[in-house]
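The whole structure should be built from the sequences, with the hints applied where relevant.
Given next are the chains, with one letter for each unit.
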Amino acid sequence: MSVTKRIEDLSEHYTGLYEENIERIKAGLPDVVNDYREECLKNFEKLGIPNDRHEDYRYTNIQPFLKGTFEFNFSHKDTGMQLEDIFQCEVSALETYSVFVINGWYSAKNKIADSLPEGVYFGSFAKAVEKYPELFEKYYGKAALTERDGFAALNGMFAQDGVFIYVPKGVVLDKPLQIVNIMTGDNDLTSFQRNLVVMEENSQAKVLVCDHTLTASKFVVNSVTEIFAGENVNFEYYTLENQHNLTTQVAGIFVEQKDSSTVMTNNLTLHAGTLRNNVFYKLDGEHCESHLYGLYLSDKNQHVDNFTFIDHAKPNCTSTELFKGVLDDRATGAFTGRVLVRKDSQNTNAYQSNNNILLTDLARISTRPQLEIYADDVKCSHGATIGQLDDEAMFYLRSRGISKEEARVLLMYAFAYEVLDKISVNALRDQIRDLVEKRFRGEYDKCDFCVVCAESPNPLSCF
Amino acid sequence: MLEIKNLHASIEDKEILRGINLKVKPGEIHAIMGPNGSGKSTLASVLTGNEKFKVVEGEVLFNGKNLLELSPEDRAREGIFLSFQYPVEIPGVSMVNFMRTALNEHRKYNGLEPLSASEFLKLMREKKKLVEIDSNLTNRSVNEGFSGGEKKKNEIFQMAMLEPKLAILDETDSGLDIDALRIVANGVNKLKRPDNAVIVITHYQRLLDYIVPDFVHVLYQGRIVKSAGKELALELEEKGYDWIKKEQE
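Going line by line, the protein sequences match chains A and B.
Numbering follows the working numbering, with no gaps: position 103 of the first sequence is 103.
Just add 1000 to the spot in the second sequence (first one is 1) and you have the working numbering.
All clues stand as given, with none of them false.
Keeping only pairs whose Cα atoms sit at most 20 Å apart, straight-line, the calculated SDA-like set for lysine to any residue is:
1. B/1128 <-> B/1189
2. A/404 <-> B/1097
3. A/404 <-> B/1094
4. A/422 <-> B/1094
5. A/404 <-> B/1048
6. A/422 <-> B/1140
7. B/1052 <-> A/403
8. A/404 <-> B/1088
9. A/404 <-> B/1104
10. A/438 <-> A/406
11. A/404 <-> B/1079
12. A/422 <-> B/1144
Hint data in this document are derived by calculation from the structure and do not stem from the laboratory.
Structure, rendered in structure tokens:
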């Protein structure tokens, strides 16, 4: 069942939409999910949709992008799309277990390979709630900071589906899990996707999320992913944003780590309209390692804002953060690196760096490290740079006969390389390297195909 | 091959070159010497098209073409090569990718097909051997983490790959120990042919023991104030530059 509603007065209209459709939204889902909605509603009523007067959203005012007439799907809707027709992964080297999520709903056409290791769940969030009541009771809504972030609260109110990943104790996944998120349809549409990842102790997995838009409609995507990493877990989470310029996405990733776990998130933004990544880590165990990486390549009037928050809640943990951006035309961007080292979190190491290249006078980036340190035995560093391509390197390349355009591509690529190098899946790294190079060459102006797989047969120009 | 006529160039309104005249024919080796700040490196930069410098007067012909009208990359494709005094480190750009791109752009300019990966790697092996460059250099990013000597050897290796008609060696001897100096000089000598030419810019006679010039020019205050055969270098080594400075006063 889909509903169309005009959204102008944001808080009021969202709340109204919720109350009008409460039966539909709650249908088929247990209390653990539905009770949480009420809690989120209370928080949302307090917080509303943040604008740029909110400190966390100072450089990104999402409000104007949310206004308009949008369709909301409150039940699974068959788009009639043949998944195989759209996405045919030609990269045999990149073998993954993959699923599709269409307009925020786990596709009923997904087939999960039998070869998934025993006990592992990789599938619909809505179905999983029935199957794993205890896990949901224990984890659902426990990491997302709905008291702090209005978007997370809003997601909690409306979310009905998405992907649930459960990897039991000691299981090591042999292949990456791939989630392909597709936004499609003739009407402007708002979606609320919810993902939950539970990694039990000593398990390992790598997840790749690809975000796409297939039609020229305006999309508003509000997604929340909660990740729980138990003791000794090794988990990697890559997001590849590849959406057209009419898309507005607020993606919250909330990570909680237990003792000796290692979690890496890498937000690779190749193409986006207005994008806000909220990456929150709570290091709730000792000897944790957290790696937050990101790369954003923007042009035209795109806007990418990476907001990160690392809560060093326990001693003896290390976090490293590296975000790099190349901004062309009138693109704007922002980076915030908030690090909180609590009073008893001695022996904390936290390293942060954000480097940017502005290719034009009109491109703009705001970067701010925010370190809040209450322990006294810590090593914390931060650095932010904003610059242009190195003239001397440019001349050096040109003096060898390399054209100015080619030299530019080589230097931009060299700049981005450091983040790409952090991708531990070789096939994925090679694939993304090629895409980044194409993006820099301007050969990659299409935004409707899976960056990891093949081109789609229905090309759509960018806006 | 190269004809420089009354070349004046400045940086930030400060005139550095103040009327250079020089002719270089195929097969010749010219040494340009002179005290610090006389304009030697500026000359190299201007000839290769560094946009930091502005040519205010004069003309440079290279094989009949007006060099000053060409972009740096076209000058390179026409056959001019500069061995940098301070080669630039470019992390993230691999030597292989760099050289392959450069070589294929040269080939395209000359109407040739690009080399295949295997042809390219074969050529690279040959040239590495020729200039006695350590094989592992080529697996790294351009000059990144190279020692001073490695950087200079890498310049000569690039020269071997691109086979320029005119090579300008800007203080290629600075920062080299005697063994590295010999390797670099041997490389240059091996690449010498009757149809190409070399301009060696140096402070010291030392390099000229290995790369023997046909002509030695002294650059002082932006002009060539003395030109002679290779014996001039020995005289400078012995007497320094003071007598030349005095002559000019």
